[in-house]
Amino acid sequence: MDDILTVKNLNKSFGKNKVLKDVSFNVQPGKVVGLVGPNGAGKTTIMKAVLGLFDFQGGSILINGKGVSITKHQALSEVGALIEYPGIYPFLTGMQHLELFADDTSTDKADIQNVIDELNIGSYINRKAKAYSLGMKQKLGIALALLNNPKFVILDEPMNGLDPKATKELRNLILDLAKKGTTFLISSHILSELEKLVDEIVVIDNGKIIKQTSMEDLSDSNGNYLVLTTTNDTKAREILSAEGVTLEKSDKLKIKKTSDDQLAGLIQLMSSHNINIVDVQHEQNDLETSLLDLLDNDQVKE
Amino acid sequence: MVTLIRQELFKLMHKKSTIIGTIALLLLMTIFAVFSKLQPSFSDPKGEFIAAYGGTSWVVFFMIAACSTIVAMEFQYGTIKELLYRKYYRGEILASKWITMFIYSLYFYVLSFIFSVILKMVLFNSKFSFSDIYTNDQSVMHVTLVTYAGSFVGLWLLLSLVLLLANVFKSSAAAISVGIVGYFATSIASSLMFMLINKWEWLKWNPLNMLNLSDQLSNSTVIGTLTRLSNTELVWGNLVYTGIFLFLGYLVFRRRNV
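As you go down the protein sequences, you meet chains A and B in turn. For the working numbering, count along the first sequence from 1 and bump the result up by 96. For the working numbering, count along the second sequence from 1 and bump the result up by 2.
Everything labelled a hint here was simulated from the structure, so no lab data went into it. It is possible that part of the hints are untrue.
As the list claims (entries may be wrong) - Cross-link-like lysine-lysine pairs, in silico, DSS-like; alpha carbons within 30 Å at most: (1) A:LYS304 / B:LYS206; (2) A:LYS224 / B:LYS201; (3) A:LYS168 / B:LYS172; (4) A:LYS261 / A:LYS247; (5) B:LYS18 / A:LYS224; (6) A:LYS162 / B:LYS18; (7) B:LYS18 / A:LYS233.
Could you build all of it, start to finish, from the sequences and the hints given here?
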């Protein structure tokens, strides 16, 4: 299927400071894609460029095959977004915000009610927005992004200011909408928030895309280790090093799992040197650690 | 485009300042009219009716505030992103704000006129009638309408400059302050300007000189010697400068990163 979003070789500088360096990634329809990276990596800048809020020095952005730039916005007709913090007019009520931005008069009443129910904001929707708490504003911002049934929704740190219950509700709502075919691009610097949500992640650091991968691949490629306990760990370590097996930094014999028959080979190797393996543990890194490893490796390369 | 104007009007109508501005205008006009009724020796009932009992002068302040706010508030509240990422061109978004402000200024002018008529009927009905001759063989009503039209054109020259400045500031308060201070500064500078025009003729084409349009329309012989421009030249000068300032505002807005 054709991509709903294609970003190719995007470059952006603020003065001499290069904030995006040849950023390329794509989003397929119906997927939930996470844009992950440390603070200041360029997540928001990418999202703003995709929404045609920035001019950029090089590269291209296509939504449904149509180009987007600061002067070309037609492709954004079916896009909803929440960037940085929600833009709220203090003198309007939540309801008036929704009425203001609802675009189809024949269906907007039902659509507005639908969004209110889904986000559970009915109890304060008729109050003036200047009295809203951070979380309430955030929810209203998300409601505005989901209004008018967009096909592609861009959310920048959507869990900001939400309590655990609201976070869970939002997660379920996103998954629900994704099942019905809505595509999401969601940024976060906290991977655990996205873990249960996204199909794919795009890892960004220092304005560069480090990796675009499915969630399973990330945990498989980075996360699985064998931890061996032997009758003579010191000698075993020497043997493994001599055989060219890379050991992880640990006081235990920790080896990155590369294949399923790896363990059989290790047992043979040890028994050929008269060392018995008394225990084998499978350790799995959580995604947070996998991500940090990825970022560390990136810094090592530089 | 119609959607965008509808959205801007929706926001304008729900702002407290809109209703406060309206009430303040009516109140100020009433106070002015009542004072001149109580002090007849200082007042010229016809002249005050033509000046909308101060109404059209007050409208300048309300409109400077409104024009500064309509652009700067979007940056202040962070709602500019919400406006700009949608399918519309930036030019359309800016134009919808201009048109909304144009409608708002028309509203204030019509309100000033209707309320002036009411005040005249209630307080000064016996003093004069609309068909009385005021100056140059023209009736009070005729002079009133010409004065309104002249000050409206001049108002828009000022507002186009305010809309340009508001684009540069990110907070409504800063934009309003600069707008109002600038307005006073120009009136102070105008006598200096007349001296300079006297020395260098070509300076008569500067935009500050154009602001004298409504004064010249109601008192063409005196002011005309100072501005050194005909009424027609002044009207065209106003319109051309308004166009230039709005276009500059568009150029700034079009390329602005948010």
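**OP:** Mind listing which of the numbered hints don't hold for this structure, in increasing order?
**Re:** 1, 2 and 6
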